[in-house]
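J.: Working from the sequences, and respecting the hints, build out all of it.
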Amino acid sequence: MLSCKQVATIASDYLDKSTPLKWQIRLHLLMCANCRRFVRHMKITRELSKQMVLNKTADDVDTIWNKVQQRIKQDSQSD
Amino acid sequence: MTTTTSTDESELIAQLIHGDDQAFRHVIALYHSLMLNIARAIAGDIFADDIVQEAWVSVYKNIANFERRSSLKTWLLTIVSNQAKARLRKESRQVSLEQLDGEATGSYLDGANFKADGHWQQSIPQWNIESPDALLEEQQLQHCINRTLNLLPPAQKAAFILRDIEQQSFEDICSILAVSAANVRVLVHRARLTLMQVIDRYQETGSC
Ligand SMILES: [Zn+2]
Numbered sequence: 001m002l003s004c005k006q007v008a009t010i011a012s013d014y015l016d017k018s019t020p021l022k023w024q025i026r027l028h029l030l031m032c033a034n035c036r037r038f039v040r041h042m043k044i045t046r047e048l049s050k051q052m053v054l055n056k057t058a059d060d061v062d063t064i065w066n067k068v069q070q071r072i073k074q075d076s077q078s079d
Numbered sequence: 001m002t003t004t005t006s007t008d009e010s011e012l013i014a015q016l017i018h019g020d021d022q023a024f025r026h027v028i029a030l031y032h033s034l035m036l037n038i039a040r041a042i043a044g045d046i047f048a049d050d051i052v053q054e055a056w057v058s059v060y061k062n063i064a065n066f067e068r069r070s071s072l073k074t075w076l077l078t079i080v081s082n083q084a085k086a087r088l089r090k091e092s093r094q095v096s097l098e099q100l101d102g103e104a105t106g107s108y109l110d111g112a113n114f115k116a117d118g119h120w121q122q123s124i125p126q127w128n129i130e131s132p133d134a135l136l137e138e139q140q141l142q143h144c145i146n147r148t149l150n151l152l153p154p155a156q157k158a159a160f161i162l163r164d165i166e167q168q169s170f171e172d173i174c175s176i177l178a179v180s181a182a183n184v185r186v187l188v189h190r191a192r193l194t195l196m197q198v199i200d201r202y203q204e205t206g207s208c
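Protein sequences, first through last, are from chains A and B. Just so you know, my numbering puts 21 at position 21 of the first sequence, and the rest follows in order with no gaps. Just so you know, my numbering puts 193 at position 193 of the second sequence, and the rest follows in order with no gaps.
Hints in this document: simulated from the structure, not taken from any laboratory. Note that this is a predicted model, so its numbers are computed, not measured. We put the CB at the ideal spot given by N, CA and C, even for glycine. It is possible that part of the hints are untrue.
[Unchecked claim] Chain A regions said to be covered by chain B (calculated; three or more residues, Cβ under 8 Å):
#1 3-9
#2 13-27
#3 38-44
#4 64-73
T.: Here's what the structure looks like:
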C-alpha cells in the first residue's frame, strides 16, 4: 500500500495520466481523506492555471522593437 | 508538433513576411515574455534579454522560410530555445537545470510534513472556494500567484508555464528546454505544489 508521501510525490503523474501506479493510488484515495483533498486541490490548481492570464513584462514593445531594429541594421552593415 | 494554423495566424504570418512592422510588434507583445522565460530557464538571467533580442532578429530574417509545419508559437519557442542553447555552449557555463532547482524546505513534500510511516502529519487545509472559475475572480489571489511565479526558479517557472498555462505537450517541452521527460515532470510538479500552498494561504488569510 502506498503512503501519503508517495501519493503526494506522484500526484502530478496521476493527474497527467502517466503513472503505472494508477490503481494503487485509487486504492489509497478510497481510504485516505487527506490525500483525496490533496489530489482534488492539485486538480483545481491545474484547472485554474489553464485559464490564468500572466502578467506581461513591463518591457514595452517599442523599446524591444527599437533594439531589434538596431541589431538588424548592425548585422546588415557587417555582412 | 501540432499543425494548428488558424486563418488569423496565416494572415499574421503573411503580414510578417511582407515586412509589416505593426504585425511584428504585435507578435513581440504576444510572445516576448514567454520567450524570456525560456531563455532564463536555459541560459540564466544574465543572457536572457540578449538571447531573446537575437531570437527576434532571427525571426525577422527567417520568417519567409517559416514552413508552417508547426504553429507560429512553437516555431518562436524553438528559435529562442536554440539561441539559448547555443549561448550556453559559447559561454561554456556548466549550468544544468537540475542544479538550479532544489527541493524547497517547507514545501508539501518536506519530510517534516509526514510521520515515520509516511502518513500526513497534519490534515490538508480545507479550501472554502473550490471552483476554479470562482478562484479566477479573486484579484488578490491572481496577484499572489503572479508574484509567486516570478519567485520560482527559472526552470520550474518555464516548465510550469509551458505545461499548465500554455498547454504544450511534455514531448515539446523536453525539446524546448533540453531536459528529460522525467525532469520536466518533476519541475512541473514542484511548481504546482508551490502554487497549492499559495492558494492554501490565500484561503486561510485572504492574502499572500
Ligand atoms: Zn494519504
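J.: Evaluate each hint against the coordinates.
T.: Evaluation of the provided hints:
no.: 1; hint: 3-9; in the structure: holds (count 6)
no.: 2; hint: 13-27; in the structure: holds (count 3)
no.: 3; hint: 38-44; in the structure: holds (count 5)
no.: 4; hint: 64-73; in the structure: holds (count 6)
Hint check: no violations occur; every hint is consistent with the structure.
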